[in-house]
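Quick note, the sequences are listed as chains A and B, same order. For the first sequence, counting from 1, position 335 maps to 335 in this note's numbering; every step adds exactly one. For the second sequence, counting from 1, position 72 maps to 72 in this note's numbering; every step adds exactly one.
Worth flagging that the hints you see were computed from the coordinates, not collected in a lab.
Here are the simulated lysine-lysine pairs, DSBU-like style, with alpha carbons at most 30 Å apart: (1) Lys16(A) with Lys6(A); (2) Lys24(B) with Lys192(A); (3) Lys302(A) with Lys72(A); (4) Lys16(A) with Lys5(A); (5) Lys56(A) with Lys122(B); (6) Lys192(A) with Lys14(B); (7) Lys226(A) with Lys24(B); (8) Lys302(A) with Lys5(A); (9) Lys97(B) with Lys56(A); (10) Lys28(B) with Lys192(A); (11) Lys226(A) with Lys28(B); (12) Lys72(A) with Lys301(A); (13) Lys6(A) with Lys226(A); (14) Lys5(A) with Lys192(A).
Below, each chain spelled out in residue letters.
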Amino acid sequence: MEIEKKVGQQSIRFVKPIVITSSASVVGNTEGAGPLADTFDWIVEDLLFGEQSWEKAECKMLRESAKLALRKVNLQEQDIDYFLAGDLLNQIISANFAARGIAIPFFGLFGACSTFVEAMLVASILIDGGFARRVLLASSSHHNTAERQYRFPTEQGVQRPPSAQWTVTGSGALVLEESGNGPRVTMGTIGKVVDMGMTDANDMGSAMAPAAADTLVTHFQDTGTKPDSYDLILTGDLGAVGKAALVNLLQQRGYQMGENYQDCGMLIYDLERQDVHSGGSGCGCAAVVFSGLILRRLWEKKYQKILFLATGALMSPTSAQQGETIPGIAHAVVVEFN
Amino acid sequence: MTQSQGQGNVQQQKMQQDMQQEYKQLVKNVKPRPPVLKNTILAFLVGGAICFFGQLILWLLKKQGLGDKEAAAATAATMVFLGALLTGLGVYDVIGKYGGAGSIVPITGFANSIVAPAMEFKREGFVFGVGARLFTVAGPVLVYGFLVSAVIGLIYYLIR
Numbered sequence: 001m002e003i004e005k006k007v008g009q010q011s012i013r014f015v016k017p018i019v020i021t022s023s024a025s026v027v028g029n030t031e032g033a034g035p036l037a038d039t040f041d042w043i044v045e046d047l048l049f050g051e052q053s054w055e056k057a058e059c060k061m062l063r064e065s066a067k068l069a070l071r072k073v074n075l076q077e078q079d080i081d082y083f084l085a086g087d088l089l090n091q092i093i094s095a096n097f098a099a100r101g102i103a104i105p106f107f108g109l110f111g112a113c114s115t116f117v118e119a120m121l122v123a124s125i126l127i128d129g130g131f132a133r134r135v136l137l138a139s140s141s142h143h144n145t146a147e148r149q150y151r152f153p154t155e156q157g158v159q160r161p162p163s164a165q166w167t168v169t170g171s172g173a174l175v176l177e178e179s180g181n182g183p184r185v186t187m188g189t190i191g192k193v194v195d196m197g198m199t200d201a202n203d204m205g206s207a208m209a210p211a212a213a214d215t216l217v218t219h220f221q222d223t224g225t226k227p228d229s230y231d232l233i234l235t236g237d238l239g240a241v242g243k244a245a246l247v248n249l250l251q252q253r254g255y256q257m258g259e260n261y262q263d264c265g266m267l268i269y270d271l272e273r274q275d276v277h278s279g280g281s282g283c284g285c286a287a288v289v290f291s292g293l294i295l296r297r298l299w300e301k302k303y304q305k306i307l308f309l310a311t312g313a314l315m316s317p318t319s320a321q322q323g324e325t326i327p328g329i330a331h332a333v334v335v336e337f338n
Numbered sequence: 001m002t003q004s005q006g007q008g009n010v011q012q013q014k015m016q017q018d019m020q021q022e023y024k025q026l027v028k029n030v031k032p033r034p035p036v037l038k039n040t041i042l043a044f045l046v047g048g049a050i051c052f053f054g055q056l057i058l059w060l061l062k063k064q065g066l067g068d069k070e071a072a073a074a075t076a077a078t079m080v081f082l083g084a085l086l087t088g089l090g091v092y093d094v095i096g097k098y099g100g101a102g103s104i105v106p107i108t109g110f111a112n113s114i115v116a117p118a119m120e121f122k123r124e125g126f127v128f129g130v131g132a133r134l135f136t137v138a139g140p141v142l143v144y145g146f147l148v149s150a151v152i153g154l155i156y157y158l159i160r
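Isolated chain A, as found in the complex (with noise of 0.2 Å):
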């Protein structure tokens, strides 16, 4: 008998073993000076990365991270069937633009902040439904791109909010197989997109919580699971201010987050002594933090099984001037490594 894939609402469970057999790393200088500094592969001072502007060193570093994640397992491009990859930019120029560089069948993906976990979810599913024997995937942000297309010209001088998060310059990649060693993809759950009617553009982590929230509590009921059966959940970029309220929304629906709740935004600054408000955020967020320190646990054996959640405002500077509500996404996957 055929096993049921789709597990309740929204989740869903893989058959095939999903394996994380590759990871990279690509980060700026911010990131490089916070204390995750010994995980990433790559730390670039230069926010240029030796290119004429901060759009092509973002591409680079997307491009870069795929092809450090491909060389790590001495895989070709034509090894690969697919290459998932996207980011904050208007159009995802960056992904569109490292995938020009790369022989792989490409499909765009744009999920604001949510882009890597919503890769690893199609990938997964590409996989696990026989389409695909590997697929390589990667999703970027760099500060300089994002506040030019979001905010204000990088020299402008402008004092931002305690709730302000800061977008992280990095690019993280992974390759998953439908065999091998590593750890795996074994179950997710795709995300509604909510909105709680949010419009404040310097406080994008209490705009996402409810989408976290629902993805969540949603992920709980569907698999039967409770926050405390996981060793880690993890959310992508919530920062200080959305993981508390996050958690206040979680109690609310009577689910208790303990010690192994965890923000990549928190994770990848030190908050304290680095100027960057409620923590880090965009796609590259998640990205490197998982493709560093988390599969490093992983390995380590530090963590068996992980909840992992990446959230992401679905709004444009458009959206924001006409006065729109910022919706929110979450996509969650379960990496276990036994």
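Start from chain A and add chain B according to the hints.
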């Protein structure tokens, strides 16, 4: 649509609104407040320092024998130049981070708001980049500054 369905929708909307309201309250409780007192003091000190420096230049120019009007114009030009220079050197955004309104309101802040986009959008070319976006930040200030001064001028003319 039947009437009861319509009522159902209204009820649903009301519930959604209540939930949003409740969530706004929750966020208000967890969101750190900006350190208003510290920001105000820093704005006073930074803004005050910039104005004091401007005053020094004005005195100096007058002492060198410039008339009141010429000295004021030359001071403004000097301060604009300094604001632009510090923006170019990547210093003004750091001042702005601490100074807040204290470094935005003086004329040096105006220079910063013109030079920063000029630097940022140079990569999009001199026409669609620098030319088109030079006033992205300062534009609204100019538009409404002119508008308000015209209105005030009109009122002054009428009541004089």
